Each structure stands twice: as C-alpha cells, then as structure tokens.
Amino acid sequence: MNDGRSLQERLVTTDIGEAIFAFASEIYPICRSITGHGVRRTLDAIANHIELEIREVPTGTAVFDWVIPREWNIRDGYIKNQQGEKVVDFAQSNLHVMSYSVPVRQRMSLTELKKHVYTLPDQPDLIPYRTSYYNDNWAFCMPHRLLESLPDETYEVVIDSSLTDGHLTYGEYLHRGETEDEVLLSAHICHPSLANDNCSGVALLTLLAKRMAGLRTRYSYRFLFAPGTIGAITWLACNEENSRRIKHGLVVSMVGDAGGPTYKKSRRGDAKIDRAVVHAIRHCGLTPTILEFLPWGYDERQYCSPGFNLPVGLFQRSMFGAAAEYHTSADNLDFIAPNHLAMSYGLIAEALDIVESDAVYCNTMPKCEPQLGRRGLYGAVGGDKDAVSANMAMLCILNFSDGTHSLLDIAERANLPYPVIRRTAQRLQQCGLLTQSGDAPALSGAAKVSAGF
Amino acid sequence: MNDGRSLQERLVTTDIGEAIFAFASEIYPICRSITGHGVRRTLDAIANHIELEIREVPTGTAVFDWVIPREWNIRDGYIKNQQGEKVVDFAQSNLHVMSYSVPVRQRMSLTELKKHVYTLPDQPDLIPYRTSYYNDNWAFCMPHRLLESLPDETYEVVIDSSLTDGHLTYGEYLHRGETEDEVLLSAHICHPSLANDNCSGVALLTLLAKRMAGLRTRYSYRFLFAPGTIGAITWLACNEENSRRIKHGLVVSMVGDAGGPTYKKSRRGDAKIDRAVVHAIRHCGLTPTILEFLPWGYDERQYCSPGFNLPVGLFQRSMFGAAAEYHTSADNLDFIAPNHLAMSYGLIAEALDIVESDAVYCNTMPKCEPQLGRRGLYGAVGGDKDAVSANMAMLCILNFSDGTHSLLDIAERANLPYPVIRRTAQRLQQCGLLTQSGDAPALSGAAKVSAGF
Amino acid sequence: MNDGRSLQERLVTTDIGEAIFAFASEIYPICRSITGHGVRRTLDAIANHIELEIREVPTGTAVFDWVIPREWNIRDGYIKNQQGEKVVDFAQSNLHVMSYSVPVRQRMSLTELKKHVYTLPDQPDLIPYRTSYYNDNWAFCMPHRLLESLPDETYEVVIDSSLTDGHLTYGEYLHRGETEDEVLLSAHICHPSLANDNCSGVALLTLLAKRMAGLRTRYSYRFLFAPGTIGAITWLACNEENSRRIKHGLVVSMVGDAGGPTYKKSRRGDAKIDRAVVHAIRHCGLTPTILEFLPWGYDERQYCSPGFNLPVGLFQRSMFGAAAEYHTSADNLDFIAPNHLAMSYGLIAEALDIVESDAVYCNTMPKCEPQLGRRGLYGAVGGDKDAVSANMAMLCILNFSDGTHSLLDIAERANLPYPVIRRTAQRLQQCGLLTQSGDAPALSGAAKVSAGF
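Chains as they are written, first to last, in our numbering: chain A, 1 to 453; chain B, 454 to 906; chain C, 907 to 1359.
Think of the hints as simulated: they come from the structure by calculation, not from any bench.
Remember, it's a predicted structure, so these values are computed and weren't measured experimentally.
Positions of the beta carbon are idealized from the N, C-alpha and C atoms, including for glycine.
One thing to keep in mind: the hints can contain errors.
[Unchecked claim] Using 20 Å as the maximum straight-line C-alpha spacing, the simulated DMTMM-like pairs for lysine to aspartate or glutamate come out as follows:
| id | chain 1 | residue 1 | chain 2 | residue 2 |
| --- | --- | --- | --- | --- |
| 1 | C | LYS1273 | B | GLU693 |
| 2 | A | LYS367 | C | GLU1146 |
| 3 | A | LYS367 | C | GLU1059 |
| 4 | B | LYS820 | A | GLU240 |
| 5 | B | LYS820 | A | GLU241 |
| 6 | B | LYS820 | A | ASP65 |
[Claimed, not checked] Chain C is faced by these chain A residues, among others (derived, beta-carbon under 10 Å):
| id | residue |
| --- | --- |
| 7 | ARG374 |
| 8 | TYR378 |
| 9 | ASN391 |
Can you build the whole structure from these sequences, using the hints too?
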C-alpha cells in the first residue's frame, strides 16, 4: 500500500475481463470430476500462471465423516443405434456421461436404456449435468428431444471408464503478506464443461492470484482450487490447525453471467468480509441480492460448518440454481462474458481492499471541528455548493473517529463509497488530524497522494 | 411422544371442528355472568367431558385490590306495554337485561324507561351486550328500531333478579405431564349467549383437554374456565405461589369466526409461546395479524400484570373488538363455524407441539457435513431438483445445531414449517447425528417413524 | 409544575407566533456577520426582552484549533457605472457584499469585476449569500440577470469595510431551575438579512426565554446566541467544564417556513431529547423528517464533536439546504409566517415538557389490575365504546410502570400522545396508584387537576 494506491486500484487492469475469459475458455473443454486426470490437467493449466502446490490424497483416506473415493477416469462413451451410428457421443460433450459412471459395454433395448437416461423435459434441447459419486451406477444425459426421437430398437451402449484406487487432487497457492493471518479464496474444480460453474470462478481466482503476486499486502492470501464438497472437506481435515489463521474468506463460483451480483453471508452474518462485500456491491450501481447464510450452495457449507464456523461468504452473479442454464449444456462459453467477469473481479478486489485497510483511526483534535480551511482542506467560500460532497467525508471521518468506528463503519454511516472514505482518511492522516489506533495499518507511505485527490 | 407422532398429530381428529361446534351450541343458551347459576351450569356441562374441579369463593373474599362481589341470579325480565304485551322479554334473549341488573318492578313512562335502555343506533337491529358489575343499576338492551317504535305510554318494567351473598365459581382441570412445569390455557365463561365470545373458546379448550387426557405430554396442562377479570384475579390470588410453574400460556377467546387469525404477544414479547404461535400462524396459509402486548383485551391483562408477568398470549380469530358482531346479538351460532373452530384448534395444537418439543439438540459431527448419502439420507443423484427441499431441512438442522439454536430457531432461520424440522430432527437423532442437549426431550421412542417420512 | 399544568401549557400563548414574527422582523434588517456591530445590535435587541449577558472575546484568542479572527465592520459598498449610477448598492441589500470582504476602492473593467462577482444562474433573480471569513478576499453578490445586463465598460467599485483587531461577541441567558442540570438552546446570529436563517430561530428562542422567565422548572435552561461555528467553538472552549451540566439540548434554526418539521438526532441517536422531539413531531399531524446525525448542518457539529458528544439535536422546518430560498435573498420576511413559528414553538415546548417531566414511576399494585371502577377512574358500564380510549392510557401506565419504563416509553408503547399519558399519570399518582421512583419529579402539586381532565 506504500504508493498510496488501494489494493483494488493495484489489482484491477483494463484487460482483466478478457484475460479471465481467455483462461476460462482454455480449461472449459476438460472433463473434470471430483478425482482423475481432468482435475490434474486443470491444475496444470493454473500452474502455468501461479506457483501452485498440487496435493494428492490417496483413495481410502478418512477425512472426517468421509473417505476419499476411488479415482474415476473416462476415455470414451457412446450409444450406437442399429445402423452403428453414434446417437450420443462423449466426444461431442462430456456432459453426455453421468460423472462417476461405472464402465458398461452392453446391447440393450430402448426400454432398458431409458432406465439409464437423464433428460430435461422442460428444456428439451439441453443436456443435463448429473453425477453419482457415491452410488455405483451409470447413465447417459441427453436432450429430451433426442431421447424422444430414438426408435424402439437395440442399442450398443459403451462407457469406457475406470474406478480404481488412486488419488483426490487439489491445488493451493499462498501469497505471503505482512502477517500470517490469511484470507481464503476458494473455487471448486470438479465440474466438466460448464463455463460459468465453475470455469469462471477458477479463472478469476487464478488471474487474481497472478496479479497479486507482485504486490505487498497486509494479509496472506490462500487460493484453493479443489473439488467441491469432498475437496474442501479434505483440505479442512488436512489443515484443521491452520484453518484458525483464516480471518476472512470467499467462495467464488459462477461469476461470469449477467445476473446478480449475489452475496450469501457467512454463517456469522456480520463478519468483516460480509460487510465488505455488501458495501462494495451496494455501491456498484447494480441491484444486488444479499442472502443470509443457509447451508446450501458450495463449499461455504464446509467452511461454515459449526465445528469450523469460518468467516467465509459466497460471491456469485446469478443466485445459486436460479439461472435456467444452471447445470445444463447451456452453461457454455456464450453464457459468460469478459465485462461480467471484470465486474466480478472488481467487486472482489474492492472487498479485499476493505478487508486489507479497514481499521479504527483516531481524530487527534476531538474537541470541536479542527479548522480545515487553514489546512487547505475545506472549500474556502461558504455557500459554494460544489464543495459540499468533498467536505462531507472529512467531517464524518473526524466526527466518528473516536476509537470505536472503523472506516467501513463511517462509510456506511455517511453512505459514501469506501474508496472515498479511505482516500480522505489518507489525506487527514497526512495532515496529522488522524492517527492509527491499535493494529491499524498505515494508510499511506512517504509518497504524496496524487494531485487528483 | 413415544410413537413418534407429534402432539399436534395426536391432538387433531377429523371431526374436531364439529365436536367443538356442537359443544359451543350446547352451552350457548345459558345466561352466564361473573357469578351465579349460569356459570355453574356451564361448568357442569364442561365436567361431562373432563374431570373438572369446581371452586367456589365466597362473596366478600379479598383478592388483591378486589373483593368477590355478591352473587347475581336472574329468573325473568320483561317490559310490558299498556296492552300487557311483553315488548322486551329476557326469555327471548338473555342479552335483553344488562348483566348484574338490580331487581326492579315498576311502572314508568317511556321517558323514564329510556334512561335505562341501551341500543346501538348504528346497528339498529341488534341487541347490545352490557354489564354493570360494580355499580348498582339496572337496564334493558334492545334493538334501536324497537326502542324507536315504542309509543309514549306507561310500561310495566320487571327484572326478577337477586344480588345476594354467595360465591364466585370457576373450574380448572390439570392434565398431568412428565414435569410439574405447566402450560396455562384459559377461557372466560362470564358472557351470556354470545357464541364466539366465548362459547367458542370454552368449547375449544374443553375438547382439547378431553383429547389430551389420553396422551403423554412433557408439560402439565392447566385448563382454566373462569369469569373474566375477577375470575382470573381470583385464581391468581389463590395460586400466587403455583403460578410460578407456568412456563407458557394462552388465553383463548373468539376462535370460531372467519377472521384473523390474530395473536397478541405476551408482555415479554419474545416468550417461547409467542414465537410458537406466530410460527404456526405464519405457516397456516392465512394472513395473520400479530400484535404487540397492550393491557387491553381478556385475562392476559391479569396474567401479564407486572407483578406476575407470565408468558401468556392471546389467540383469537378476528381481533378483539374489531368485528361488527362483537358484543351484540349478532354474535350467535351463525357467526361461528366448524371449519374455523377446527383451524383454530389446529393452530393451537401446533403451537403446543412446538412448546412441547422445541429444544436445543447437538450435531454429533460438527466438522464439515456428515456424509448423508451413505446413510441413505440424501438424494443420491446430484442435480435431481426434487431432492432439494428434502435435503435443506437436514442440512440446516446439522449446521445450526451447535448448542445455541433450538429447532424453532432453525425452522425460522430456514423458513420451513416446524413439523418438517421436527420430523427431520427425529430422523437425524435415530441416525445418531443429533443428540439431546441439557433437558431436551427425546424426539422419538423405540418405535420407528413411519415410512412416509 | 405545581399548578398541575404542563410546561408546554404554561409556555404557549395564543399570540406567540405573532410575537416571534414581530421580533424576527425587527432584527431582520441588521447586517450581521461572525463579528462586528451587527452582532452587537442584535444582542442588544434580544436584551430588550431578557436579561442577556453579553461576552466579548478578543481577536487572537485561541479557542481549540481556531483563533478569534479580526473584527469585520462595513459602512458602505457599491458598484457605479460610467454614468455614476449605483448598479449594485449595499444600502439596498446587505447580501450584495460578501461577508468579510476586505476594503476595496478601485476602477476596473467588467472582465476584472466579474472575478469578484457571485450569482445564481439557476435562480437569476436572486442575490446569493456568500462569506469568506478566513481568506482575505472581496466580492459582490447580485442577481444573475443584473450581471448579464451590465455593459462592458469601466466600473467604480467600493467596499468601505474594516478588518481590525476587536472582538467576537455572543450572548447567553441562564434561566435557573430547581437543579443545576442544564438544557442548552442555541441559535446562530451571524447571518445578515436572512429571515428564516436565522432571524426566526433567534426570535423564537428569545420569546421562549422571555416566557420561561416567570416559570418554575426542574432544569436550568441556557439560551445561547452566538455566531455559527466560531461562536459555538468559543463558548465550548470557555465553558468546557460547565458543558458537562448539559443534559439535553437543541440547536434551533430556520423555524419559520412552511416545510418540515425536520429533526436531526444528536450524535448519540437515542438521547432523551431525540426521543422527546421525535415523539412531539410524530403527534403533530404533519409529516416529519427524522434524520440520523451527520456532522453537517449547524452548531450541533461542535456540540456533538467526539470530544464533547453532548445530547444536542437540530430542530428545523425545511431540511438544512433543501429549500430553494436557502442562502438567497428569497429568504426574506415573506418566507416565514406567524403560524409556522407558532407550530415550531409549540413542538419545542412540548419536547421540553417531556424532558422536564419524563421519569419512571411505579405501580403500587402490580399484582393484577387495581379496581379502577371503585375509584371512579373507569367507565362504569362495560361495553361503552366511548370509555375505551380514556381507559387505555390508565391501563398502559399501570401495566408498564414496573420500574423500567418511563412515561415516554409508555407513550411510545401505547402510541398515545405524551400529554395524555402525563395527565393520566398525574391522576393515578393522586389516587395513590403510582409513586415516584428515584429522582422522578412530582407530577402534580397540592392543587387538584382541573375538572376537564
């Protein structure tokens, strides 16, 4: 923070939306599941950008109430009609085979086949996304119209998959800050070709980590890329002691569509990260949806389980499950866009900036207002209406900086954007009217703030 | 609770509305007041259903700031015109004579008579209900149209009543539960032929007590049938010490009309009974009216006086005094109906079920979610939208059962009906994922819950 | 309070609005600033009504972060065109010369002159009000239309002012009550011919002080007439120790227009004065605007600075800066009216009455309701709808007077006007049903309350 620019200003670049979109496009085709080579390929792609540490946990390892399952890999899958034509082909879309399908190679009637087919009758042109991680089963997913068009004949059904002892794989990257206190940023990497859920989240966090690598921060930032549920549980089981360092956190998923933004608060409900994200969203010009915590959604379910109760919220665009494209083949690269990704990135960066810099400062002249005019801080001619908004932030910071209100408190009280309050507090600190209190960070270094203040 | 069914399920029967209506119809014709034979006849009728204990407190007994008044009884009352025709006749409606009217036998002019007549000019066809318990006086109540039709002649006015030393009479029935902690259920029995106010309440509580008699409950339930105000004051004066056992309570009045439901909270405002009734009403599909406590209404005024401050609320359909039929001859048997009585009974039963079973339970596996799937508790195929609502209750109970949230807290937080939360908690307790904490009751006995779970 | 009348009843007279308007009109023409003879003339006018103590603080005196500035006086000011005609003349309106303008006597082109002219292009017929207290400068203020009509020629520009060592002048009046605890009532006296801002506030407080002079009160009342900002800061610097006596306070400004009423709460937000004014306004029949504290407005900025944090709110009609007439020549005597002034006076008087009399009383018969009927307090005939509202106040006072609720708490809970609660509490105290608790004042003296109760 030594150049006086906020973390948000230092993190955001003009091409960030395009960069996130490009990386999401790169990993979109990979067939991921909660284990297997698809996860490894995705982590390798991330490791091209940041110094990712990749962990492998063997099948059978107990992680709290769970056990690491067998590793699943798939090479091919199709349904051939009597003419030998592939009417459904895994090579066309990895959504066609239910994730964790056991191998099958069989001829069967349409009636028999239908017991192993999922469709969406209400969205008849889309392929649904289905999984069966802990129940040995197999199935194909296909458009409802396709199923209805299949003649009543015998089909050759092949799923060339394997379920064998292997590993669960996840990756993490730690950006070291001035303290060991951590901010957790987590994305799930277990979904196959679904662009928003969660190529968008994986790509956003990868680019955020890459951009942050060159920056000095107060907190250490832990970026976790792990399969949903079992991956988060595994990380928590392996890091139970370390998890106490997590002071703030966000689960990031589905951040590329045009909806929302949506924020689901941590189980605590009033954690600093909750207030920071809500504040950032409220000042973004969109209509946000703010939700209280419920244990329904993504890996915040594990981070916020009562035995951990970490201050971790969920940031999304469209609300979990609310978009028609959710968990279907319509969640493709057309569903996400660079401008939405850039907006999501910007909001997360602003929330992180608040978490980084928010603290309680103290007015050094608490009796009556200090004379701002002779310090060149105040519009000199009384009655000039243009000076009003510039002065409001100063007066609010001075009035409420009594040792009990943080900058975020003051921003909320004054209904002003946090960056305005933060910049103004920098200015007041430079003038000696505001001092740090307790463990508050310095708002600005030796360098002067820019003239554009 | 040992068969796994909720108290509400065990209390409600399909014919309950008809049964309450029939009993209300039976006691409707009786001329009740705050003392006298009408009260005794009503208590005798109740005693045909339950083992009622009837108390008699002598005239002149001091009860806090009050004194038991003389006992009032009435045999006849009429106004005869010069032709000797009864233009007003107590035998036609016991509302015609103001309650506690002193005896009178006199000839008088219309002008003189009018000083002792109450009518409702705005509801000219109805007889008003009037009382004068503590002021020696007499009066007739009649339709305004009738009064206006009376020619200016001499009338023979007779009220054949008596005001003599006697007793105040009330009845109580104690259903003994597993503990001595009590739930108070109170109805006033001092109104003459008013069907909703309060034959409906008396009948509802009588049938509730009758139905409860065969059931095992956690709490003891005290059913009190007493004249309004002076009766409740008398009971409190006679049971000051015992009143401390009352942990929850409801005054039940006017529960047979089509309005409401209305609930006025106890003076405490956040008592368990307040939250239980509000929760039950909010999930009933009607538009409820929830009122903060004011010392205006029925006997909750006494139970919630500052010297007692008992957690007792008021359950009604139309709000106190809000219906046009209130305290008039239009409050007859046409004003109440079995379906409304059944709905009121069901809501009260559900509130009592909450009070009975609500407690704090503890998740035995608080670190991350337990693996519900391998216990057969979770929809096996990820993405199946039908499994969503069934799973939400489980996840919420597990997440919030951290030793600080009760089942009712969780129902409110998850915005799910308490019975769903309760049944789901039973299931989780059977699986060993939930344990009792402190004095929480077992949610289910040895018997399995039904397959229809 | 010994005659049983409330402070509000004793303060308000039928002609109060006319009297305030007359005094506002008297002081309106004076050219005031933060120092100088205009302030002295205004204080002299106030001193004709009350025993005002006038203080003079020398130029150069340090008051916290500020220094008393040089004293400014002005004799004349004009702009003459080439024909020698005064196109702008201070004698016509003292708004024409920016307050604290340094002396000038010069010939200059229109282009040069324009650098020293303020207008309001959006309100082209009005003269703006401008000041430059702490920046040596000079300027004329004029209607935008006038500026646009000036031909491009040479003008003679004269401001015959002086800026010399002198004094800052303010006045205060202390009405001594039964205790040394004080209520601060403060108005700024630094604006020239602006009728609402703040001749109205100065006049209202002068007449309030005059009317109060003959009355016995519980609190002492300090009336402060001082220049805005520097005057309040000076008073606080000179009275830092004494300021601790201030238990309640109001800044009174712009109280004569038809808008509002508006109340901005003290920094504490829940001070008694905040609740008192809000209650009074809510029951006045107008639509009030209630604002949370922000350090933007009048001298509450100083009283509520964190080093003092006094319980002082701001009472206004139109909200600060919201009226189009604000700080323009349209804020003249046509903008204010006796009826608005009377309404403001009445609301302030009612709030002061609440502050004077509000206290916790105790029900002497807390177990069940006392029998109001035999004390003649209760409508004798049950069912008489007219008795309802009269009884509600009694029952609420008795129920909530448990040692934790003050009369104002009860008025808010019962949603009844404080005067009704206060009068009813007097009655109950006379009957022995209510006793004082702690330092509560007697609600009534020996004299009976009037029959009109």
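Hints, verified against the model:
Distance check on the hinted pair: LYS1273 (chain C) and GLU693 (chain B) sit about 9 Å apart at the alpha-carbon level, within 20 Å; holds. A C-alpha spacing of about 9 Å is found between LYS367 (chain A) and GLU1146 (chain C), which places the hinted pair at or below 20 Å, so the restraint holds. Simply put, LYS367 (chain A) and GLU1059 (chain C) have alpha-carbon atoms about 51 Å apart, too far for the 20 Å limit, and the pair is violated. Between LYS820 (chain B) and GLU240 (chain A) the alpha-carbon distance is near 9 Å, which keeps this suggested pair within the 20 Å criterion.
A threshold of 20 Å between alpha carbons decides the hint, and for LYS820 (chain B) with GLU241 (chain A) the separation of about 13 Å falls inside it, so the pair holds. The suggested pairing of LYS820 (chain B) with ASP65 (chain A) holds, with an alpha-carbon distance near 9 Å, which does not exceed 20 Å. With 10 Å as the threshold, the beta carbon of ARG374 (chain A) comes within range of chain C, its nearest partner Cβ sitting at about 6 Å, so the hint holds. Because the closest C-beta pair between TYR378 (chain A) and chain C is about 9 Å apart, less than 10 Å, the hint holds.
A hinted interface residue such as ASN391 (chain A) counts as satisfied when its beta carbon comes closer than 10 Å to some beta carbon of chain C; here the least separation is about 8 Å, so the hint holds.
In the structure shown, a violation is registered for the earlier hint numbered 3 alone.
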